[in-house]
Amino acid sequence: MTDTSPRRARRASRDTRPVFTGIGVAAPNGLGTAAYWAATLDGKSGLGRITRFDAERYPVRVAGEVSEFDDTEHVPSRLAVQTDHWSHLGLTAADWALRDAGLDPATLPEYEMAVVTASSSGGTEFGQREIEKLWSKGPGYVGVYQSIAWFYAATTGQISIRYGMRGPCGVICAEQAGGLDVLAQGRRLLRGQARVVVTGGTDASLCPYGLVAQISTGLLSTRDDPERAYLPFDADACGYVPGEGGAMLVMEDAAAARERGARPYGALAGHGATFDPRPRPGREATSNLRRAIISALEDAGVEPGEVDVVFADALGVPERDRLEAQAISAVFGPHGVPVTAPKTMTGRLYAGGAPLDVATALLAVRDGVIPPTVGVRAAAPSYELDLVRSTARDGPVRNALVLATGHGGFNAALLITATDPS
Amino acid sequence: MPAFTLDDMRSIMGGCAGVPESLDLGDDIGEISFAELGYDSLAVLEMAARIQQRLGVRIPDDAVEEMRTPQAAVDYVNRRLAA
Chain A
133 MTDTSPRRAR
143 RASRDTRPVF
153 TGIGVAAPNG
163 LGTAAYWAAT
173 LDGKSGLGRI
183 TRFDAERYPV
193 RVAGEVSEFD
203 DTEHVPSRLA
213 VQTDHWSHLG
223 LTAADWALRD
233 AGLDPATLPE
243 YEMAVVTASS
253 SGGTEFGQRE
263 IEKLWSKGPG
273 YVGVYQSIAW
283 FYAATTGQIS
293 IRYGMRGPCG
303 VICAEQAGGL
313 DVLAQGRRLL
323 RGQARVVVTG
333 GTDASLCPYG
343 LVAQISTGLL
353 STRDDPERAY
363 LPFDADACGY
373 VPGEGGAMLV
383 MEDAAAARER
393 GARPYGALAG
403 HGATFDPRPR
413 PGREATSNLR
423 RAIISALEDA
433 GVEPGEVDVV
443 FADALGVPER
453 DRLEAQAISA
463 VFGPHGVPVT
473 APKTMTGRLY
483 AGGAPLDVAT
493 ALLAVRDGVI
503 PPTVGVRAAA
513 PSYELDLVRS
523 TARDGPVRNA
533 LVLATGHGGF
543 NAALLITATD
553 PS
Chain B
54 MPAFTLDDMR
64 SIMGGCAGVP
74 ESLDLGDDIG
84 EISFAELGYD
94 SLAVLEMAAR
104 IQQRLGVRIP
114 DDAVEEMRTP
124 QAAVDYVNRR
134 LAA
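Line by line, the protein sequences are chains A and B.
Be aware that the first sequence starts at 133, since it is given in the numbering used here, and climbs by one per residue.
Be aware that the second sequence starts at 54, since it is given in the numbering used here, and climbs by one per residue.
Keep in mind the hints are simulated off the structure, nothing from the lab.
Note that the coordinates shown come from a computational prediction; the quantities given were computed from them, not determined experimentally.
Built from N, CA and C at the ideal position, the CB exists for glycine as well.
Hints should not be assumed to be uniformly reliable.
[What the hints assert, rightly or not] Derived DEER-like restraints, expressed as beta-carbon distance ranges:
#, chain 1, residue 1, chain 2, residue 2, range
1, A, Asp202, B, Glu119, 13 to 23 Å
2, B, Ala125, A, Thr349, 47 to 57 Å
3, A, Lys265, B, Ala116, 14 to 24 Å
4, A, Pro411, B, Asp115, 50 to 60 Å
5, A, Gly324, B, Gly67, 35 to 45 Å
6, A, Thr183, B, Asp93, 30 to 40 Å
Produce the complete structure using the sequences and hints provided.
Put into structure tokens, the structure is as follows:
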């Protein structure tokens, strides 16, 4: 009986952990993985005043826009007219991820390729345009593509069609946390019929309708200075800045990847997801994030002391920062693990944010460096966090934990681990 | 002189449904089916809506079935205009 404990069984099956072989990034501080990673290590922020529309009369005027992205350059026009800006970013990032992985989908069995993406807002910009036509000109002027462009699964569907990926496809909508949950779903699919999964997510909701929907949570920063607008864990924290973009990843069965000579960035070692209790008036808010972290570590068979960095969810809302800091300290001890939030340079990308953090974690593993949290002058002492501020920190990164929470009570934690060169 | 030409059709195709990936809209596309050009039934519905807006003729949904090629669409519209 000695060898049958779940942890031992998992350790023994390390070889079967799915690996990440391709990364595609479309982020406010960098278009393409190389540009994004260079900017992130340099602490270069992509936050600025909103330019996509006149936001002067809105309470939120700072955001992370993916500038220099030209739809016509990256997406064929037949496809571009049918899809929202959020899907344009997703299709582009998926294309880059497949190229990065060195995969030609045309050469693989169509039912062994799957697509699972996260989405939290769907095609709001497209929807706004068509609703404007509806009220100004009438129903005959609403474009037919409204029927397919707005809905959450549109990016998944268009990627599936574009590359003939006819394995199990889906979408998960759990706001920021959904961006980690899709990777766990991808792992499930790789244990079944799929050998390749295109996964991750993007979001893009910086139009008036999309922004107003976000403002309704009361969690967004209304500060006008892009350098002082998003300060998670700072005593001066005042909410978060919204952004657009995200990352798409190619995840493969480890043996299949090895067979074709792919060079993995790292492996998905563990995942945990929990849900928060319903908030009640007069009672202090609580979070089950700690339990998600513990589940992910147990799933991976990794001890807290083996974790080299935590990518925080970093909402930048004092009460939520406190709950997250408590969860981290409870597992790792006070100042027990380096914590970082490179999303201070992109804003919160919702379903795109967590996959971008995973991409960043994979690059941190590859290069042995922890990217910084910008803007924060000092983490509030009561949080007891070892926050990596201002400049990147060198050091081997073998295990990276990524955290994400989603509006409404979602918590997810995902552990990325280095793959040993074979 | 027909009231609605293949060039009008090309401009509507490019404007509302995008250009085909393998061909140029300026090519001799009149007799190639929309399906072969990569325009699905939604795209043809969208083009029909634009024609209605531009010319003020009503195109019933079942007529869209008849519009299998750009030239067939042009012919259909001209028959409606002449009627």
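Hints and how they fare:
Between aspartate 202(A) and glutamate 119(B) the beta carbon distance is about 38 Å. The supplied range of 13 to 23 Å is therefore violated. Take alanine 125(B) and threonine 349(A): their Cβ atoms lie about 51 Å apart, and the range 47 to 57 Å holds. Taken as a hint, the range 14 to 24 Å holds for the pair lysine 265(A) and alanine 116(B), whose Cβ atoms sit roughly 23 Å apart. Separation of proline 411(A) from aspartate 115(B) is about 54 Å and conforms to the stated range, judged on CB atoms against 50 to 60 Å.
In this structure the supplied range 35 to 45 Å holds for glycine 324(A) paired with glycine 67(B), their Cβ-Cβ distance being about 43 Å. For the pair threonine 183(A) and aspartate 93(B), the supplied restraint of 30 to 40 Å holds, since their beta-carbon distance comes to about 35 Å.
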